[in-house]
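Visitor: The residues making up each chain are set out below.
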Amino acid sequence: MSKEKPTVYSYIPNSVPKVKNQMLKAVGAKSVEDFFEDIPEKLRLKKKMNLPKPFLSEQSLRRHVEGILSKNKTCQEYLNFLGAGCWQHYVPAVCDEVNQRGEFLTAYAVEPYDDHGRFQALFEFASMMGELLNMDVVNVPTYDWLQAAATSIRMASRITGRHEAYVSRTISADKLSKLRDYCKPEIQVKLLDYDSETGQLDINSLKTGISSKTAAIYFENPSYLGFIEAYGDEISKIAHDHGAICIVGIDPISLGILIPPIDYGADIVCGDIQPLGMHMQFGGGHAGFIATRDEEKYVMEYPSRLFGIAPTSVEGEYGFGDVAYERTSFAVREEGKEFIGTATALWGITAGVYLALIGPQGMQEIGEGIMQRSRYAMSQISNIKGIKSPVFKSTHFKEFVVNFDGTGKTVAEINKALLRHKIFGGKDLTKEFPELGNSALYCVTEVHTKDDIDRLANALMEVVE
Amino acid sequence: MSKEKPTVYSYIPNSVPKVKNQMLKAVGAKSVEDFFEDIPEKLRLKKKMNLPKPFLSEQSLRRHVEGILSKNKTCQEYLNFLGAGCWQHYVPAVCDEVNQRGEFLTAYAVEPYDDHGRFQALFEFASMMGELLNMDVVNVPTYDWLQAAATSIRMASRITGRHEAYVSRTISADKLSKLRDYCKPEIQVKLLDYDSETGQLDINSLKTGISSKTAAIYFENPSYLGFIEAYGDEISKIAHDHGAICIVGIDPISLGILIPPIDYGADIVCGDIQPLGMHMQFGGGHAGFIATRDEEKYVMEYPSRLFGIAPTSVEGEYGFGDVAYERTSFAVREEGKEFIGTATALWGITAGVYLALIGPQGMQEIGEGIMQRSRYAMSQISNIKGIKSPVFKSTHFKEFVVNFDGTGKTVAEINKALLRHKIFGGKDLTKEFPELGNSALYCVTEVHTKDDIDRLANALMEVVE
Amino acid sequence: MKDITEKRYSGGKPKLRRFHQAKWDEPIIFELSNEGERGILIPEVEDRVKTEVGDVLSTIPRNMRRRQLPKLPELSQSRVLRHFIRLSQETLGTDLNIDVGQGTCTMKYSPKINEQLVRMPQMTEIHPLQDEETVQGILEVLYKFEQILKEVSGLDQFSLQPGAGSQAIYANASIIRAYHEARGEADQRNEIITTIFSHPSNAACAKTAGFKIITLYPDEKGYPDLEAFKAAVSERTAGLMITNPEDTGIFNPNIEEIVKVVHKAGGLCSYDQANANGILGITRAREPSFDLCHFNLHKSFSAPHGCGGPAVGAMGVTKELAKFLPVPVIEFDGSKYRLNYDRPESIGKVRSFYGVAPVVLKAYAWVMNLGAEGLKEVAEVAVLNNNYLLKKVLEIRGVSAPYAKGKRRIEQVRYSWEKLTRDTGIHSEEIGIRAADFGVHYWTSHHPFIVPEPCTLEPTESYSKSDLDEYVEILRQVSDEAYTNPKLVKTAPHNSTIHKIHHAPLDDPSQWAMTWRAYRKKVRK
Amino acid sequence: MKDITEKRYSGGKPKLRRFHQAKWDEPIIFELSNEGERGILIPEVEDRVKTEVGDVLSTIPRNMRRRQLPKLPELSQSRVLRHFIRLSQETLGTDLNIDVGQGTCTMKYSPKINEQLVRMPQMTEIHPLQDEETVQGILEVLYKFEQILKEVSGLDQFSLQPGAGSQAIYANASIIRAYHEARGEADQRNEIITTIFSHPSNAACAKTAGFKIITLYPDEKGYPDLEAFKAAVSERTAGLMITNPEDTGIFNPNIEEIVKVVHKAGGLCSYDQANANGILGITRAREPSFDLCHFNLHKSFSAPHGCGGPAVGAMGVTKELAKFLPVPVIEFDGSKYRLNYDRPESIGKVRSFYGVAPVVLKAYAWVMNLGAEGLKEVAEVAVLNNNYLLKKVLEIRGVSAPYAKGKRRIEQVRYSWEKLTRDTGIHSEEIGIRAADFGVHYWTSHHPFIVPEPCTLEPTESYSKSDLDEYVEILRQVSDEAYTNPKLVKTAPHNSTIHKIHHAPLDDPSQWAMTWRAYRKKVRK
Ligand SMILES: Cc1ncc(COP(=O)(O)O)c(C=O)c1O
Ligand SMILES: Cc1ncc(COP(=O)(O)O)c(C=O)c1O
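Residue numbers (numbering that gives the first Met the number 0), protein chains in the order written: chain B, 0 to 464; chain Y, 0 to 464; chain P, 0 to 524; chain H, 0 to 524.
Hints may contain errors.
As the list claims (entries may be wrong) - Below, simulated DSS-like cross-link-like pairs (lysine-lysine); rule was C-alpha separation at most 30 Å, straight line:
id, chain 1, residue 1, chain 2, residue 2
1, P, LYS14, P, LYS391
2, B, LYS408, B, LYS421
3, Y, LYS45, H, LYS263
4, H, LYS49, B, LYS17
5, P, LYS418, P, LYS12
6, P, LYS143, B, LYS45
7, P, LYS486, P, LYS14
8, P, LYS390, B, LYS17
What the hints contain is simulated information worked out from the structure, not anything from laboratory work.
None of these values were measured; they are calculated from a predicted model.
Kindly generate the complete structure, drawing on both the sequences and the hints.
Guide: Below, the structure is given as structure tokens:
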């Protein structure tokens, strides 16, 4: 590439000067400037953009980017106990294989004729989620659990025509922030207290607050703080008694051993499918699902795309298409339900692959295994002087709060010290839940072996001494 | 997976006990033992094989294997100057993308109807190699250059009916070993000396040796020791004057700037396509090609598969198939030419992708760039006291011999010291070419930046002081 | 000797491709289930752990224990793989086709090198809450990419948090709301102005954020003129949310004046640059004084579309509005990158953590490969391609490019088959379905169909002249068929994975089925 | 409500798949070339380097300089990708089909996890000549896999160097030669005995290694009996090279006696265990006292076939022959792995460096997932599958399983359509071509066709009962068609990428063309 010759970019076939000239000639233009004639001179950028010098060759580009990325320490090099909304689960190779297929990776969003496979894969994703959840309608996933929860509440508000929602105070600060922003135009979000000993949602505070203005009650199971909410039936009954909708947020990886929320009265269930085959990717693996019964009043309030099965002109041939497209903002702009656009379809397909791989047995085994390991971790850690684990007297699934008040050290100090052991300690909760003192949220999954947990316990022992 | 239940393997669908029983019943067998009744009791393995305890879950398997592999140091972490038959070139991402496609990765070798794409891709590989080489026939690649050279010589022997071949003494000891073993039944392999100053093949020794018994002369360009053989015309003329066949081994990455050997009289050209898009893989990326003119007497001596283009029953439709299949051992067993079986088709497809990506311009630029870098490296290194680089007074392409006699250190010592600088020094030649003293073969390619080369020079400076 | 190749050309031009899409006729995955098969085995818990913790399942409150295993299908690993690989072959990704038919979607080449980079464990295996010291690499990428977008837009600060263009538009609307709230004008300023050829999300997201929507319609030039905007603006105006160039590929030359009018009335202006492909390095949000904007990294910046996400809508604002951006923001003190959550006026969280980092990484790598000159080359060639395509398409019978007759377009064109429909009874949708028989996508347009029988083509910079010629030939063929053999078009697709879908059940609550279980229940009735 | 699913079944069984293979009708890549396009850019050399080294091209001896750029095609990156992705879709990998039709090839599931492992830089980016200290990981894999094969075969030492089964057979023949040379009997012992149902490479490789070949033919039991071997053995016998079970799936029960006879005559015995899939953990080379054997890691050990390699033929020998193995051998001193080149009696190099390490890694991972019990399960299920398939196939009109009527088989069966051909005029090849219309492979057999109208099916352990049932239904359908509508079969394929190929040019030197350039020259004539 001598300096005089203009660069021919490998991503831009027609950057070949000769071809450009041919094409300009074909359209009768003198230069590409002709095409920009509608853009007023004043608005034209006169200078060259001030961007870093490019790495024109793929080889030098790769070396540059790898150089930057090599500054990251991974959860393979370090032992990781962070969860709190993004979880380290094992990703089967087949999940990666399918979502890297150029066909799925680079397709988009139009007619089902060219893209039958995409429709079928997403229909199957919804269908398998439906089995996990014991529910008949599941959306093509939205951005993440935050969005799914926020939309669930707005759906409830539209269904009930009410403008107030109760939310368990054990949800994450991030989710609460999202709910507040997203519900603001229509719904007032109010908090429900929790029992300081068990963490359980405080039924009395619910009973006191709820009224005929209440659109929905939202709580999570397992909760953000890791314990299992035991009184789902009661909560949903109270909601229903007041004409409100019961929304439950769940971690789908728990559903091999935990009962689907619909069975204790949930009307809308939402959550994140990141645990089902998505790498953590610094938080890039999230995708939110929403599920309901197959009732028109629910279905018509989804903003998301919903793919349904349909016959074709050939006998026995499965076709697919958008269900009730007229709901969507694609069809009717601001008259649609909230809005729809690019979401997280590839993660939906991947979660479908995950569920097909793991099967019913696997769901049970992974759930049980996670409980066993996290319980083991809680007990190993709680043996250490000054540490209390778990903080709440409830059954926990994969996460649990660890309190360090007795050690005289802050969570921040402990986590810094753990780093030197190549361990990522649990999420510092001191800002989110000051009432819990010096506490952190630890997460243990099927990726952790006994040795890993013992290593954590030993490191903590050293660190707090 | 409780211990009592038999394991159902995820790779073995019918390991489900219920299904096994159904199938046994369907065939009227009591147990699988029935099917082995022809195997005499005495030959039956009575014990369980003594193999390591398996990692039944993919997750634990991955952790096990990654644990082992993490003991390797890579040429990304270290700066590598080893070549000598396996070269570090840049592998474009598209090459990896294509050869990881399940379709290509897992197809095999039967009819062109199901596997049209495989045939077309390999036909195109041969066609692009043909352009590089200016030759009309190229095989579906064989194992590696060693095999390609050995087969080329046996082809020459069959064509000429003669049983003696001359080989330049600058080829690698490994290749010579292979030639000796593989040619032994039919051909005596004799060595041609080289000029100690320039490394060039000694034309006199060729003139003296060659006779009407000589089937072939084989030399490489660039030579194993990195320099360009300048007298190809003369050598091939001498061969032809004696009715012998001129075989040239080449590194295809040089062919953007070096003339194709046919243009100086080569009859058979062979080499390795590893530089064209294959990762080094500890030597797993090799594949050997053989090319000739399109003359029946040559074509009929190939043992390899050759894919040709053919019409189909539909106008304008390209079909493909095996050319002159009756040559092969698949068709006529020991009456075929040598033997054929699984070879290195996936690397052939990959090299085709590489050539399509790099194009004529790219081939020239990469060749020139390699020469510039290696020349720069030679001069930087030769500035160091006690080091001579290159040893031979000839033009070099990407490899060159560095002599350390003046440093008072052995190559082994120097390489060990370089390791501490995270550098893999050149291949130690002291056993292969004792006459070169304390010398090593260094390789510089387009992956090396000026900084890399300066780092080597600085490290060498430190090491030899 | 017979020359096969000769018959592949006519008059020196290649004949149309004889295409058939892979058709596997796969059952629904539940139909493939065989009781007992396993797709993947779960790592066993060590015996010592088991013993120590006892029967954990019995510790689950009784009414919270699952009683029946979920009825997921049971398949061996290779059967799962085979199923999904087959479905993938039935999906026409951009990797496979001349994807100029999905107009407004900016289908361009997504470089494979970028896929390799995001699949490195240094990207996949990092947790968003790791100590900042251990994620300096990815923070650097995010930070540097924000700097790039600042230069590309001229605006002052960016957040990469939104999960797509629409979420970015929503977040921008939320900032507009916060801005007026902060000034105590939120109740009064409850109207957002947009145009009908702006992406529907501008209207829908603003509505979701609590605004009333005023939609302006084009005049014969293809856009509402300045007067129309003036008439729409008032003291109730919270802001303007507009795409430009609009979906027609026409740039509204009054944009600066329009912004002025809105500003004067006290509103904010948000520029939808989701598709900035035709104007990279040419014109920016800064020059006409927009307050907010957003880019779709999965469009102009080459990240693949993934069948519809994951994605990133990068949102940018002026200095004045920076305090409202989502938390956290990334800061750089010259040696370390850190996340700042201390932003009391922020609208809060838009999406979990910091957005879809791997998508940002792809966009970053793409820009770093091209540089400033390359980005401008992208725009110029995209626009050249579009105008070349426009010229060629207009030579086809029955098609026109409404508005601004004879004018050039920026990056895309909304065509109309009105004449062809009148002449033949064939609708635009049907043309698209027939186009599938030649292995390409085709898209009508967003609703409502202001342009009758619409079709939106956007060639981007990724396609060669011969690619464009092939696409034109396909359209020409279908047009010819519409005139000479309309039944062939009406009964399409013929070479696709499936045949004509009966749509009615999809809008009928008694028949629609979004899951297999729902379907089985309904057919059993 | 209409039940779509119902029409997909008849009598409770799924109807035949309505398949069409992807058909892209792609031009030859040269036809796609546009002058000036670039697929990838080459890193520029730094100016300082350029200045310092000057014009390097002029230093090339004048007659060695390339004068014309090679006429490679010129394409943008996405066009290259699109071309090859399309070709890939036109290739029916094992990932996609019920690959029981490529008998003798042991088409099994190649786990994707193993592909991920070999694509780690710790595998791809290591040079074979690195200091041993820096490659302890891969050496450990190679060493441990040799230990595994020692246990699987019962033999004493292995080399993983050969690049495929055939190269391993060649190398074993070379060892036989070296052995007799070492004993001074090389000239006398120049005959290798094999059987016609042993893979052709046994004959061909031994011939290439300089031996005369004696091929024995089966009697009505499907294999030559002991007497046949006795008659073939003499003082000229260098060795026996035999596949067992043979290509018919029949195990020669006299194998131990045969080995004894050969040993007694002074010959060596080499066991072709390329396809050991039906006998893993059941019977081994050791028990009948073989001296040499080989395994194809790309068959029984799950490494994918890669359209025909790269591959590994692992060769094993007894202690006595170990000194002849290729160099280097891997040794372990209890703490470090090292490569030993000091092997004066070695046959030398067979393949570059140490073989195809990534293929070994895949095989290693596969074994480590299954363990001893799993390997035996592989064999048992493979054999169960085969006998189930046998039962079902024999219910189809026109087909038989010659030899050993009513007997069970091990891992595969060579069938015969002799009756169908007699009845209908349809040949086995034609059945296979028609089978392609249903998305499956089908293979006749190696030549010569000792079994008339042969067809070789090998189901391996990777296919479920329903997979096998589907394959059987396809064969049944084709058989029915042959009887009722032979023209349909004769004109197949109908749903494949291409149509019936005219084979004549491929055997005609004036017409054959193995490269595009040769083709263009010939058609221009
Ligand atoms: C101009 C414009 N704005 C907004 C959007 C919405 O972006 P997304 O689909 O990422 O939500 C799109 C995408 O189609 C667009 O083209
Ligand atoms: C029994 C047997 N032996 C030898 C071979 C030859 O192996 P390869 O194709 O790896 O050269 C094969 C493969 O088809 C085989 O099945």
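Visitor: Compare the structure with each hint and give your call.
Guide: Results of checking the hints against the structure:
no.	hint	verdict
1	P:LYS14 to P:LYS391	17 Å, holds
2	B:LYS408 to B:LYS421	19 Å, holds
3	Y:LYS45 to H:LYS263	27 Å, holds
4	H:LYS49 to B:LYS17	29 Å, holds
5	P:LYS418 to P:LYS12	28 Å, holds
6	P:LYS143 to B:LYS45	23 Å, holds
7	P:LYS486 to P:LYS14	22 Å, holds
8	P:LYS390 to B:LYS17	19 Å, holds
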